[in-house]
Amino acid sequence: MSNNPFPFKGLSSEEVSARKKDDVHKDSEQSEFFIILKETVLEPVFLLLIASAAVYLLLGEFSEAIFLMSAVILVSAISFFQTYRSRKALSLLEVLTATKTKVIRDGEVKEIRSEEIVNGDFLVSEEGSLLAADGIIVHCNDFAVNEAMLTGESLAVSKNTNKDNNTVFQGTLAVSGLAVYEVTATGAESRAAQLAALAKNIKTEKPPLYKQILSFVKSMTLVGLVCFLLVLGINFYQTNQFLESLLSALTLAMSILPEEIPVAFTTFMALGAWKLSKTGILVKGLNTVETLGASTVICIDKTGTITENRMELTAVYIYKTDEILNDKDLSEQKSLNEAAEFGMWASEPVPFDPMEIALHEFYKAHVKTDERSEYKMIHEYPLGGQPPMMTHLFENKQGNRIIAAKGAPEQIMEVSGLKAAEKEKIAEKIEDLALKGYRILGVARTQFEGDSFPENQQDFKFTFIGLLAFYDPPKHNIENVFKQFYNAGISVKIITGDNALTTSTIAKQCGFRDAENTLEGKDLINMSDEEVLKAAETCNIFTRMFPEAKLRIIDALKQKGHVVAMTGDGVNDSLALKSAHIGIAMGKKGSEVARQASSLILIDDDLSHMVEAIAIGRRIYENLKKAIQYIISIHIPIILIVTVPLLLFWKYTNIFTPIHVIFLELIMGPTCSIIFENEPIEPNSMNKAPRKLSTSFFSFNELSMSIIQGLVITGVCLGLGYYYMENEHTIAEVRTIIYSTLILSNIFLTLSNRSFYYSVLTTIQYKNILIPLILSASLIILLLSIYFTPFQNIFQFVPLQAIDLSFCLIAAFAGVMWIEIVKFIKRRM
1 MSNNPFPFKG LSSEEVSARK KDDVHKDSEQ SEFFIILKET VLEPVFLLLI
51 ASAAVYLLLG EFSEAIFLMS AVILVSAISF FQTYRSRKAL SLLEVLTATK
101 TKVIRDGEVK EIRSEEIVNG DFLVSEEGSL LAADGIIVHC NDFAVNEAML
151 TGESLAVSKN TNKDNNTVFQ GTLAVSGLAV YEVTATGAES RAAQLAALAK
201 NIKTEKPPLY KQILSFVKSM TLVGLVCFLL VLGINFYQTN QFLESLLSAL
251 TLAMSILPEE IPVAFTTFMA LGAWKLSKTG ILVKGLNTVE TLGASTVICI
301 DKTGTITENR MELTAVYIYK TDEILNDKDL SEQKSLNEAA EFGMWASEPV
351 PFDPMEIALH EFYKAHVKTD ERSEYKMIHE YPLGGQPPMM THLFENKQGN
401 RIIAAKGAPE QIMEVSGLKA AEKEKIAEKI EDLALKGYRI LGVARTQFEG
451 DSFPENQQDF KFTFIGLLAF YDPPKHNIEN VFKQFYNAGI SVKIITGDNA
501 LTTSTIAKQC GFRDAENTLE GKDLINMSDE EVLKAAETCN IFTRMFPEAK
551 LRIIDALKQK GHVVAMTGDG VNDSLALKSA HIGIAMGKKG SEVARQASSL
601 ILIDDDLSHM VEAIAIGRRI YENLKKAIQY IISIHIPIIL IVTVPLLLFW
651 KYTNIFTPIH VIFLELIMGP TCSIIFENEP IEPNSMNKAP RKLSTSFFSF
701 NELSMSIIQG LVITGVCLGL GYYYMENEHT IAEVRTIIYS TLILSNIFLT
751 LSNRSFYYSV LTTIQYKNIL IPLILSASLI ILLLSIYFTP FQNIFQFVPL
801 QAIDLSFCLI AAFAGVMWIE IVKFIKRRM
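Residue numbers (our numbering): 1 to 829.
Note that these hints are calculated values from the structure, not bench results. It is possible that some hints are incorrect.
Said to hold, decoys possible - Calculated lysine to aspartate or glutamate pairs in the DMTMM-like style (CA-CA distance at most 25 Å, straight line):
(1) LYS483 with ASP523
(2) LYS560 with ASP604
(3) LYS364 with ASP329
(4) LYS508 with GLU308
(5) LYS429 with ASP327
(6) LYS522 with GLU431
(7) LYS578 with GLU530
(8) LYS376 with ASP164
(9) LYS475 with GLU374
(10) LYS397 with GLU449
(11) LYS275 with ASP604
(12) LYS20 with GLU189
(13) LYS522 with ASP555
(14) LYS688 with GLU622
(15) LYS20 with GLU115
(16) LYS9 with GLU374
(17) LYS588 with GLU356
(18) LYS558 with GLU622
(19) LYS425 with ASP523
(20) LYS436 with GLU374
(21) LYS688 with GLU702
(22) LYS397 with ASP370
(23) LYS364 with ASP353
(24) LYS284 with ASP523
(25) LYS429 with GLU530
(26) LYS558 with ASP514
(27) LYS278 with GLU116
(28) LYS425 with ASP555
(29) LYS425 with GLU530
(30) LYS275 with GLU612
Let the sequences and hints guide you as you build the complete structure.
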């Protein structure tokens, strides 16, 4: 059966193929390749290593120069791979989050990416969607667009099929009705192309954490420059050898620069976003990945988020006879009741709202003669008012009219001219239906002669017909989802357009906390700022909400210091989605405007994915924290091993050379960016309060343990080296002892820093196949550098006796594993 209700077949697949222009994707991929290559080559550490290799060449030490250049290529390849992998993940996400639109092709209504549109396509635009191309309207129902992006005029502009008013433009917003338009221009040829070109030049703001990292790296670069000049001067003063002094200074500069940190950040965030997409969540920016784990409040809608969004007409109240028809009564009806009939006429002719779809299906199943094709909509009042209602006017060829309205029962009663006693009687029926968790609409009808329709639908003199009750059952997993949010220290608030009784009843069925405490939008909007701040904290269900009220709640929660996530699907949610720290749009039932305003999209509208998203966000943050703390812990001994012997005038001053530092780079790069990125979430991560968004990796509280670890590792390395030096061992022996101790310390540090709470005996059971691979490779290369003669000569090492290597192993173990005692005390406390 065709899903196309329009009298257009659209282009065929063959016509689309013929009209498509050639896209050269290979060129863009090539340019991306060279961009990353250029960035890699211009990295400070890369330039320092090239300078070091040049010094070796000038000194005539060709084997060292060749080894260093080979190592430079390998380190750069790792950096290039990590950057390319990150960019690739982000480019794939861009494809997934690309704007989509409905098109009629081969006689069917399909959804395609906007980039796939060709001239001559027939596109379908509904209320809340962004127009994907310039075009000419060929069919519409009371269609209006906001063209503010082109004209600056904020008021909606009505459109129709008349020649002087039938053009629409890419990027404008459909604010009411429905239209089919034939595409006349796309992409660079569209009216909005110039704006789009300008937008590409606007640089997006970097995430706060990334700014902290760049600030830290810049500070360390300045420190490195000062130390470089200091060591160069001291060495040259002592030896009067410029090239050897330059080599020592370059060694120190390389040891100070923590260039792995920004690489690790980009890798973690980009791959985190990609992993989120594999779980059904599309992330539109790296800032969202960083913020996810810090969420303290999630504001959700009821319909489609808590419930299944599959509305069924469950009960009907007939005002004239004062009777309620339940499920059984409705199924046994042989003719259509008036309330359901006029509810259908008050719906869109081509319905997309679940309640309107249910009304059309009910009408079709129970009506004796289907008159929908005989009547044409001549005027429409879109959903409006507080609470909202909508009115449709239909007319057939004989001039017979049907004017039907539906909406919030309170509004429908208000416009129907009912007396207080009549309203009270209907209110009792509403309460009875709402207590069963039903969503309720009021239905009314009227008559009007002539074409001078009132400006506002509320000006018609309506006759109240009855109530329509729909049931949208809670999702089967929603109670568990709420439980997981609560366990993670995250508050949940419901913000809905539905009434308080229905929402509260459904919420109770789902295990929602404090479901009795509700507040309506009209009451909230009249509160003072102080009252709203208090209500935002104490109230968990907000009903009959409209855009301004939603926005006020979100802003109040942010003022109270919360990190706010907000779900939404409609145009009226866009302000709140944009204001929230994390705007979450629905992938299936969400409007294009909501998706554009959001920072995250739930592909299948399943809220349980937000639990996964927050867990992934916390895992990414914790693992990045471990990686940075590891980098700092291992950089401190490298820096001090280079500087302390020189500043204390040891007998052996130049213990490390660029060869040794580059080998450490080969180990540190994969460890921080690959091992820690692949670590699983810790068991307690989703059972503790969210972190504060203002938390910095680089505060003393965060770095104190890393600094202590680095100093202790330095102490055992230099202490053991000093012992061997004082016992008349050669510089080659002392260098081998210190270096072996440092590499073994790095292995223990990697294992220990997998958790700052659980013991290494617990973390060793975590599934991370890269741990044994990379650490084994580190150990094998260390043994080769000590016992394999060609490597010995390059590293200037000597073979160690088993007893000496045992000393290195014991010192490294003691220098790192003391933290296990600290973790044990922390667990006991």
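Going through the hints against the structure:
1. LYS483 with ASP523: Distance ~30 Å between LYS483 and ASP523 Cα, so the pair is violated.
2. LYS560 with ASP604: Distance of about 32 Å is beyond 25 Å: violated.
3. LYS364 with ASP329: holds, 17 Å
4. LYS508 with GLU308: holds, 16 Å
5. LYS429 with ASP327: holds, 16 Å
6. LYS522 with GLU431: Since the Cα atoms of LYS522 and GLU431 sit roughly 19 Å apart, the hinted pair holds (cutoff 25 Å).
7. LYS578 with GLU530: holds, 23 Å
8. LYS376 with ASP164: holds, 22 Å
9. LYS475 with GLU374: violated, 39 Å
10. LYS397 with GLU449: holds, 15 Å
11. LYS275 with ASP604: holds, 16 Å
12. LYS20 with GLU189: holds, 14 Å
13. LYS522 with ASP555: holds, 17 Å
14. LYS688 with GLU622: holds, 13 Å
15. LYS20 with GLU115: Answer holds: LYS20 to GLU115 is near 10 Å, not above 25 Å.
16. LYS9 with GLU374: Holds - the C-alpha atoms of GLU374 and LYS9 are around 22 Å apart, at most 25 Å.
17. LYS588 with GLU356: Holds. LYS588 to GLU356 sits at ~17 Å (cutoff 25 Å).
18. LYS558 with GLU622: holds, 24 Å
19. LYS425 with ASP523: holds, 24 Å
20. LYS436 with GLU374: violated, 37 Å
21. LYS688 with GLU702: Holds, at roughly 18 Å.
22. LYS397 with ASP370: holds, 15 Å
23. LYS364 with ASP353: holds, 17 Å
24. LYS284 with ASP523: violated, 35 Å
25. LYS429 with GLU530: violated, 36 Å
26. LYS558 with ASP514: holds, 21 Å
27. LYS278 with GLU116: holds, 23 Å
28. LYS425 with ASP555: violated, 39 Å
29. LYS425 with GLU530: Between LYS425 and GLU530 the Cα gap is close to 37 Å, so the pair fails against 25 Å, i.e. violated.
30. LYS275 with GLU612: holds, 11 Å
Hints 1, 2, 9, 20, 24, 25, 28, 29 from the earlier list are contradicted by this structure; the remaining hints agree with it.
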